[in-house]
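A.B. asks: Residue numbers (the working numbering), protein chains in the order written: chain E, 1 to 355; chain U, 1 to 424.
Misleading hints may appear alongside valid ones.
[Stated by the list, open to error] With a straight-line Cα cutoff of 30 angstroms, these simulated BS3-like cross-link-like pairs (lysine-lysine) come out:
1. K179/U with K193/U
2. K193/U with K216/U
3. K276/U with K323/U
4. K83/U with K276/U
5. K374/U with K364/U
6. K102/E with K217/E
7. K374/U with K326/E
8. K245/U with K193/E
9. K102/E with K321/U
10. K319/U with K83/U
11. K193/U with K420/U
12. K374/U with K319/U
13. K421/U with K321/U
14. K276/U with K326/E
15. K102/E with K420/U
16. K421/U with K276/U
17. K140/U with K179/U
18. K323/U with K83/U
19. K140/U with K193/U
20. K276/U with K193/E
21. K326/E with K193/U
22. K220/E with K193/E
23. K216/U with K140/U
24. K216/U with K326/E
No lab work stands behind these hints, which were simulated from the structure alone.
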Amino acid sequence: MRTSISERALDAIVSGVLWGFRILIVLAIVIGTVLAIRAGTYTRAQWIDFVIFGVAQGSIYALIALGYTMVYGILRMINFAHGDIFMTGAFGAYFTATWLTKIGFTDRYPVLGLMIPILVAMIIATLIAMLVERIAYRPLRGAPRLVPLISAIGASFFLEYSFRGIFGPGKYAYPPISALEGEWVVLGIGILKVHVVVMVAAGIMMALLYTLVMYTKVGKAMRAVSENQDTAALMGIDVNKTIVSTFAIGAAMAGAAGVLFSLVYRQIDWFMGFTPGIKAFTAAVLGGIGNIPGAMVGGLVLGVFESVGPSLFLEGLGIIRPYQLKDVIAYTMLVMILLFRPSGILGERLTKQKA
Amino acid sequence: MKRLSVLLSLLILASLALAACGPAATQAPGGSTSGYECTDPLGCVKIGPSDPVHIAFWGVLSGADSTLGEDSKRGVEIAIDDKGGKLFGHDILLTSEDAGCTPEGGATAASKLATDTSIVGLVGSTCSDETAGGIAAITKAGLTTISPANTRPSLTSPDRGPDYDGYLRTAHSDAFQGKAVAEFAYNFLGVRKAATIHDGSVYAQALQQVFVDNFKELGGEIVAQEAVAKDATDMKPVLTTIAAKGPEFLYYPVFVAAGGFITAQVRDVPGMENVKLAGSDGIFSPDFLKSAGPNVVGVYLSSPDFSAFTGDYAGFLEKHKAKYGGSTLSTFHAHAYDAANILFAALEKVAVQEADGTIYVPRKALRDAVYATKDFAGITGNLSCSPTGDCGAPVIAVYQVQSDDPASWNPADAANPNPKKVWP
Numbered sequence: 001m002r003t004s005i006s007e008r009a010l011d012a013i014v015s016g017v018l019w020g021f022r023i024l025i026v027l028a029i030v031i032g033t034v035l036a037i038r039a040g041t042y043t044r045a046q047w048i049d050f051v052i053f054g055v056a057q058g059s060i061y062a063l064i065a066l067g068y069t070m071v072y073g074i075l076r077m078i079n080f081a082h083g084d085i086f087m088t089g090a091f092g093a094y095f096t097a098t099w100l101t102k103i104g105f106t107d108r109y110p111v112l113g114l115m116i117p118i119l120v121a122m123i124i125a126t127l128i129a130m131l132v133e134r135i136a137y138r139p140l141r142g143a144p145r146l147v148p149l150i151s152a153i154g155a156s157f158f159l160e161y162s163f164r165g166i167f168g169p170g171k172y173a174y175p176p177i178s179a180l181e182g183e184w185v186v187l188g189i190g191i192l193k194v195h196v197v198v199m200v201a202a203g204i205m206m207a208l209l210y211t212l213v214m215y216t217k218v219g220k221a222m223r224a225v226s227e228n229q230d231t232a233a234l235m236g237i238d239v240n241k242t243i244v245s246t247f248a249i250g251a252a253m254a255g256a257a258g259v260l261f262s263l264v265y266r267q268i269d270w271f272m273g274f275t276p277g278i279k280a281f282t283a284a285v286l287g288g289i290g291n292i293p294g295a296m297v298g299g300l301v302l303g304v305f306e307s308v309g310p311s312l313f314l315e316g317l318g319i320i321r322p323y324q325l326k327d328v329i330a331y332t333m334l335v336m337i338l339l340f341r342p343s344g345i346l347g348e349r350l351t352k353q354k355a
Numbered sequence: 001m002k003r004l005s006v007l008l009s010l011l012i013l014a015s016l017a018l019a020a021c022g023p024a025a026t027q028a029p030g031g032s033t034s035g036y037e038c039t040d041p042l043g044c045v046k047i048g049p050s051d052p053v054h055i056a057f058w059g060v061l062s063g064a065d066s067t068l069g070e071d072s073k074r075g076v077e078i079a080i081d082d083k084g085g086k087l088f089g090h091d092i093l094l095t096s097e098d099a100g101c102t103p104e105g106g107a108t109a110a111s112k113l114a115t116d117t118s119i120v121g122l123v124g125s126t127c128s129d130e131t132a133g134g135i136a137a138i139t140k141a142g143l144t145t146i147s148p149a150n151t152r153p154s155l156t157s158p159d160r161g162p163d164y165d166g167y168l169r170t171a172h173s174d175a176f177q178g179k180a181v182a183e184f185a186y187n188f189l190g191v192r193k194a195a196t197i198h199d200g201s202v203y204a205q206a207l208q209q210v211f212v213d214n215f216k217e218l219g220g221e222i223v224a225q226e227a228v229a230k231d232a233t234d235m236k237p238v239l240t241t242i243a244a245k246g247p248e249f250l251y252y253p254v255f256v257a258a259g260g261f262i263t264a265q266v267r268d269v270p271g272m273e274n275v276k277l278a279g280s281d282g283i284f285s286p287d288f289l290k291s292a293g294p295n296v297v298g299v300y301l302s303s304p305d306f307s308a309f310t311g312d313y314a315g316f317l318e319k320h321k322a323k324y325g326g327s328t329l330s331t332f333h334a335h336a337y338d339a340a341n342i343l344f345a346a347l348e349k350v351a352v353q354e355a356d357g358t359i360y361v362p363r364k365a366l367r368d369a370v371y372a373t374k375d376f377a378g379i380t381g382n383l384s385c386s387p388t389g390d391c392g393a394p395v396i397a398v399y400q401v402q403s404d405d406p407a408s409w410n411p412a413d414a415a416n417p418n419p420k421k422v423w424p
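Extracted from the complex, chain U is given alone in its bound form:
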């Protein structure tokens, strides 16, 4: 009993102490030691003379789709290295939080990061589902996040609501990607009957719907729109159902796990032997070759057009190779690199540094500076952010897989690309 009361009083003391220093970290103390007065409506982040500049990455870092997040995180880490690990003479500290590629995971990660008052800005999330779950907490905390990998169209639509004020992205919206695939299938491949499979994720569901709408508009017929569970492994029943409808083209814009299972099993199903297969950027990775096996040769994949990358993408790949060894894991490392750099550029614009090294970052000004990004020379193109948060340069290409050897993965290779760009 006695121990309990001691514990309780300690807890109360601790919470009092926390409550006391909470605002001090966010609101600059006007007067006495500092000449800076925080007038920002969202408050300021104060970084003491010996404290690091704290940024955060949130995205999927565990589970079956963790390469997607790992790949983006590496982009951010390389951007930090390019700054020499320092901003205004302070070290840059990167915290990463796993969001598990689910809305609940996104909400958990975001609310955890939102309570950390030392964070100035974020890069993330990677799955659109995570953003749907977590963005409210981040916006409410006055923070701004730039996603390198969310492609769900509604995240940057004009009616996205005030919860999304703190949200921008360098990834392209799938409104462009689904349309590109539909045009490719109808005009280039000349198919008229298509089927789609999604895995219930917001990303896949929205993307296949954009494809379906555009394909119908072009005059094609959608014979089946099926869905599987995200962790499904036995795809043969659903593929048999689709085979009964006789499609010429199967579009499955899912993630690596489901994409691999579908590709590996599709040719075993009677009626599906010659159907043309296409996926999207969610499976645009050597990991997909690894998981799909020999059937993967000939699969079409849509992705940002790497040949349209204006900046020094080759230089980025070299740094990546030197730091992590091997090729990149997924699609959005370059977008993550650009996202981090946009954040740094905005920080450099708005942060105020005192003589003793203390930095103040006004949150609203930072957010406005990110939105004001114009003609930013990133490696994915010249980026300008729209008022609804779209910063990406949406040039989509369709690639075709040439070999099932993951080691040969290099879409940017001049002589022997795998996958090879086939359209436009």
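Isolated chain E (complex conformation):
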């Protein structure tokens, strides 16, 4: 194909505008940051708090993002019901934790009081995700790509409104664990205990998942299926089983994330999966969809930017009520990353077949 001169000129203009856009945003961020730091509204401790809040939020995004990325990696499909799987986990944990708190178990054994709800949440989320896969996705495996996407949106609504029907439209306060109230001082920095638990738990989960995918047989099968389903099947890998286990593992992560989310924000309702779901999807794309470490990095980056961004560069630029623009930061960042690195932070260039 030959391109005419006018087409080439147009290309040059478009890429010029895009570069201008990139430079403008980077400049805005840098100038805002400098101004905000020079204004000195916040103490050092408060800046550290912002970062820690962000890391805690980000590790929850990362855990959810793993499910999106794994399913995309293996099926090239976006599982929009994943945010609601996260919600089902939170509900399971809520009822368990409330009961454990009521009988006084949580106060006597705080560690078990934390672990049992997480376990219940993981089991419930896994079971529901496997059901969704069996009912809404597997029958459509061979269909064009848009079809399972629509089915996923349907599954998402189905889960949301079933939970609304069963548990009502109201909100529930997740019972606080008294052993987790207050702060721990780490290296001279006060961190809320609950944030420490969230970061550590998320870290352990992600390490486990990484080991599972890289160093076990199931993980190897997953990687093989994600490379090429037909070849994997010829090699004697049970593709269906591998896909189900991918869904199950992703859902278990989301279920655990649901508990961590409830521990930090202490409020659950039937619609709670929607926004974190979208944010986690953003995180997955940010890190490079299909890439497991990418999802973790993407989640953390997104969480920290959302938390630090408003007071760091928006306030510095003189924007009033910057926290309203938190989502703008998240999505602008997505656009920026995709402009600079279309495959995401850690994403490799996808082969033609994968893309």
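Given chain E, put chain U in place with the hints provided.
C.D. replies: Chain U only, in chain E's frame:
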């Protein structure tokens, strides 16, 4: 191809048929079978001998704030029950339309209802945003709506414009509520430095602005006016920003979701441990206790003063308990009950019934009758509607939460109220 043309011709036929009967339903056919001639400038609704009297409720029935709409809808349903489900011997049919607490949702719901020519009047919306989006369609269709829960001041201000001709409310305007909270904070609590958070909704934004203006006028200082997104969950960064300014009093007149997140997280933020907290009627509900958890004890909430309710509020609560079980979901059920009854009273005044049972409701006359409401004995007080659509009796009180147990929610309880009225 053949099937397509058949389909097309069917469609054309259907639209022709619809076009033909459209006006027939709105305009009374002058002469022949009926003795009634519709001279109303906005047309009449004709209700056939076996048709129901059709009213509609629009408000938020899905999403995070659905209790607000559900609560008001129950008020309307109880008002219908009190009529025995019948008006002029016809059944009352209630249609409800979800408006999602957004301007777009309001516009969608309103335009859908406006096309239904069998509707005589409406109750709604619940969120001020919904009204802002949808009221033009309702007024243009000649309909009249009475909102039980909109509190945004501008909706009934004298310069609200002709789009609002079909709009009245039994809820109080926030011009009263924000002022009451400012006076309470400055005079009763004695605080001088206040901060506010709103969630970008028209309701919260206007209410905190009224508070800010009045608080400044009293001599107080506003150290921060922040805002969060409506679906934000992590409030700690914004609370840290506010903590840096050192307020004594934090006012967040938001809805249940954001209100719960702020209340649950505020004490974790260094510098916010002892700040006095206050919200408004948007979170005046047991749902807020449920969502906020133990930190909620001691939070101040402004609301219509239930002890100033003149009518049989206790009787209403009993009917509510019998019908739905448990306590009310939010603040505006009584206002919704009154709104529905004002609508029924106006209908009874203007509707014309033929011998065969056919009813004609002239739309403009109905609207005028609603505006003409005077000394109506509702359960929220003696209601009179102003020419700009304010029917509410604005008595605001401030309550303080006593316990975080949602089951103990009963602001009207004589011995053990939760929340308890502390001012005035």
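A.B. asks: None of the hints should be skipped; say for each whether it holds.
C.D. replies: Each hint, compared with the structure:
no.	hint	verdict
1	K179/U with K193/U	16 angstroms, holds
2	K193/U with K216/U	10 angstroms, holds
3	K276/U with K323/U	38 angstroms, violated
4	K83/U with K276/U	45 angstroms, violated
5	K374/U with K364/U	18 angstroms, holds
6	K102/E with K217/E	42 angstroms, violated
7	K374/U with K326/E	48 angstroms, violated
8	K245/U with K193/E	25 angstroms, holds
9	K102/E with K321/U	27 angstroms, holds
10	K319/U with K83/U	13 angstroms, holds
11	K193/U with K420/U	25 angstroms, holds
12	K374/U with K319/U	26 angstroms, holds
13	K421/U with K321/U	23 angstroms, holds
14	K276/U with K326/E	26 angstroms, holds
15	K102/E with K420/U	26 angstroms, holds
16	K421/U with K276/U	16 angstroms, holds
17	K140/U with K179/U	34 angstroms, violated
18	K323/U with K83/U	15 angstroms, holds
19	K140/U with K193/U	46 angstroms, violated
20	K276/U with K193/E	24 angstroms, holds
21	K326/E with K193/U	26 angstroms, holds
22	K220/E with K193/E	37 angstroms, violated
23	K216/U with K140/U	40 angstroms, violated
24	K216/U with K326/E	29 angstroms, holds
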